[in-house]
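With the hints as extra help, turn the sequences into a complete structure.
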Amino acid sequence: MGCKIKNIEYYLPVQTVDNHQLVSMAKTWTAEELEQKVGIRERHIADENESALDMAYEASKKVLKSYDRKRIDFILFCTQSTDSPISISACVLQDMLGLRTDIGAFDFNLGCSGYIYGLALAKALINSRMAKTVLLITSETYTKHIHENDIGNRSIFGDGATATILEKHEEEHILDFILGTDGSGWKDLVVSQERVPYGPEEETKIYFGESDAFRRENYFFMNGPAIFSFTLRAVPGLVEETLKKNGLREDEIDYYIFHQANKYIIEHLRKKIGLPENKFYNNILLTGNTVSATIPIALKESLDNHLICPENRVLLCGFGVGYSWGATVIKI
Amino acid sequence: MKKSDFFRELAKALAINAVLLNQETIFKELDNFDSFSILAIVAFMDEKFGKQISAGELQKIIKVEDLMGLIDHDFF
Numbered sequence: 000m001g002c003k004i005k006n007i008e009y010y011l012p013v014q015t016v017d018n019h020q021l022v023s024m025a026k027t028w029t030a031e032e033l034e035q036k037v038g039i040r041e042r043h044i045a046d047e048n049e050s051a052l053d054m055a056y057e058a059s060k061k062v063l064k065s066y067d068r069k070r071i072d073f074i075l076f077c078t079q080s081t082d083s084p085i086s087i088s089a090c091v092l093q094d095m096l097g098l099r100t101d102i103g104a105f106d107f108n109l110g111c112s113g114y115i116y117g118l119a120l121a122k123a124l125i126n127s128r129m130a131k132t133v134l135l136i137t138s139e140t141y142t143k144h145i146h147e148n149d150i151g152n153r154s155i156f157g158d159g160a161t162a163t164i165l166e167k168h169e170e171e172h173i174l175d176f177i178l179g180t181d182g183s184g185w186k187d188l189v190v191s192q193e194r195v196p197y198g199p200e201e202e203t204k205i206y207f208g209e210s211d212a213f214r215r216e217n218y219f220f221m222n223g224p225a226i227f228s229f230t231l232r233a234v235p236g237l238v239e240e241t242l243k244k245n246g247l248r249e250d251e252i253d254y255y256i257f258h259q260a261n262k263y264i265i266e267h268l269r270k271k272i273g274l275p276e277n278k279f280y281n282n283i284l285l286t287g288n289t290v291s292a293t294i295p296i297a298l299k300e301s302l303d304n305h306l307i308c309p310e311n312r313v314l315l316c317g318f319g320v321g322y323s324w325g326a327t328v329i330k331i
Numbered sequence: 000m001k002k003s004d005f006f007r008e009l010a011k012a013l014a015i016n017a018v019l020l021n022q023e024t025i026f027k028e029l030d031n032f033d034s035f036s037i038l039a040i041v042a043f044m045d046e047k048f049g050k051q052i053s054a055g056e057l058q059k060i061i062k063v064e065d066l067m068g069l070i071d072h073d074f075f
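Heads up: the protein sequence lines correspond to chains A and B, in order. Just so you know, numbering that gives the first Met the number 0 puts 203 at position 204 of the first sequence, and the rest follows in order with no gaps. Just so you know, numbering that gives the first Met the number 0 puts 52 at position 53 of the second sequence, and the rest follows in order with no gaps.
Hints are computed from structural coordinates only; laboratory data are not their basis. No false leads were mixed into what you were given.
Calculated pairs, BS3-like style, for lysine-lysine (alpha carbon to alpha carbon, straight line, at most 30 Å):
no.	chain 1	residue 1	chain 2	residue 2
1	A	271	B	1
2	B	50	A	244
3	A	186	B	50
4	A	271	B	2
5	B	47	A	36
6	A	36	B	27
7	A	262	B	11
8	A	262	B	62
9	A	36	B	59
10	A	270	B	50
11	B	62	A	270
12	A	270	B	1
13	A	278	B	47
14	B	50	A	278
15	B	11	A	271
16	A	262	B	27
17	B	62	A	271
18	A	262	B	50
19	B	47	A	243
20	B	50	A	243
21	B	47	A	271
22	A	271	B	27
23	A	36	B	62
24	B	11	A	270
25	A	270	A	186
26	A	262	B	59
27	B	59	A	270
28	A	186	B	59
29	B	1	B	62
30	A	36	B	2
31	B	47	A	270
32	A	262	B	47
33	B	27	A	270
34	A	271	B	59
35	A	36	B	11
36	A	186	B	47
And the structure:
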């Protein structure tokens with residue numbers, strides 16, 4: 000006995016920001032140069048009054064359109080952007096969707112590794128018979144934390160939400176996981192308030208002896224090169240260990256889907272690990288980096304575009320903010 | 000690897016003319032040196048030397064020779 004992904008849907012906000020709009024502020028690149036650098040042409044931005052919960056609701060409606068919502072007996076909501084400091088988005092979503100009240104629901108705070116951890120939690124709940132049908136949500140509004148003058152991060156991140164239904168199944172379709180954590184990297188991707196790891200703007204030396212990525216208190220900060228270095232250290236071994244734990248060889252995997260951080264980093268990882276291009280997803284052209292939503296969006300797109308078929312083995316790998324990382328193999 | 004090869008390969012990674020690079024070159028004084036250039040350097044060090052630069056090491060890199068200092072002497 001085990002569990003299986005039944006369906007995935009996603010929602011992207013209506014408002015978009017394209018490269019032409021961004022470069023008009025930066026005046027350092029053309030729109031085409033920016034697209035070539037990050038692999039992104041446009042990204043969707045949540046409306047001022049649109050929250051991660053609102054987006055999750057829209058994604059959930061889509062996935063529940065052809066599914067009996069009364070079968071849902073657990074909600075897992077991955078977000079770092081709750082509506083208010085002590086609100087529980089999963090609980091509010093239960094009410095918004097009109098689900099049963101005799102179900103479990105909680106939020107968990109993870110970013111780029113969030114979908115992997117969500118699958119692990121869903122599998123644990125189903126296989127321990129605490130649930131039969133899990134609604135796994137990822138929803139993020141990083142753009143709300145990015146300063147309007149921070150063109151670098153505005154060019155990378157977009158907002159979006161996904162909803163995945165996982166069900167109990169006679170055969171296990173979510174195989175074994177490798178998970179990891181290194182909290183020493185917390186300061187490399189953060190919205191800081193009281194703790195300002197790198198000091199005031201004029202004294203900050205993030206890299207290359209100067210304040211290239213200066214800190215703005217209460218705004219999003221990312222030390223891109225440090226995070227890139229972290230992925231180079233963590234991800235190749237993570238893929239190898241995940242295959243080993245599942246008793247699989249690289250060529251026995253039909254497709255690889257990594258967290259879509261940006262095109263350059265993902266392509267470098269692919270080459271470093273030696274994965275074939277035709278078995279590797281690398282596309283955030285029209286979404287940007289949607290944090291915990293990138294993997295489920297990629298899964299959905301891969302299925303819809305016949306890059307993968309039902310029963311294919313897909314290796315999923317998430318890594319980022321925390322630092323946190325995880326990978327698994329699923330039979331889709 | 001000869002130092003001249005290092006400068007040539009690094010210039011290729013940065014998409015600049017190799018004549019612009021020597022040990023004393025200050026990275027931030029290169030035309031169009033930006034955050035993507037820094038990612039390219041991280042990728043270059045990983046690909047050519049198997050070196051993943053830490054956050055602490057990144058802070059100390061100002062000139063090309065600082066980058067070379069992160070590489071095992073046996074490489075040159």
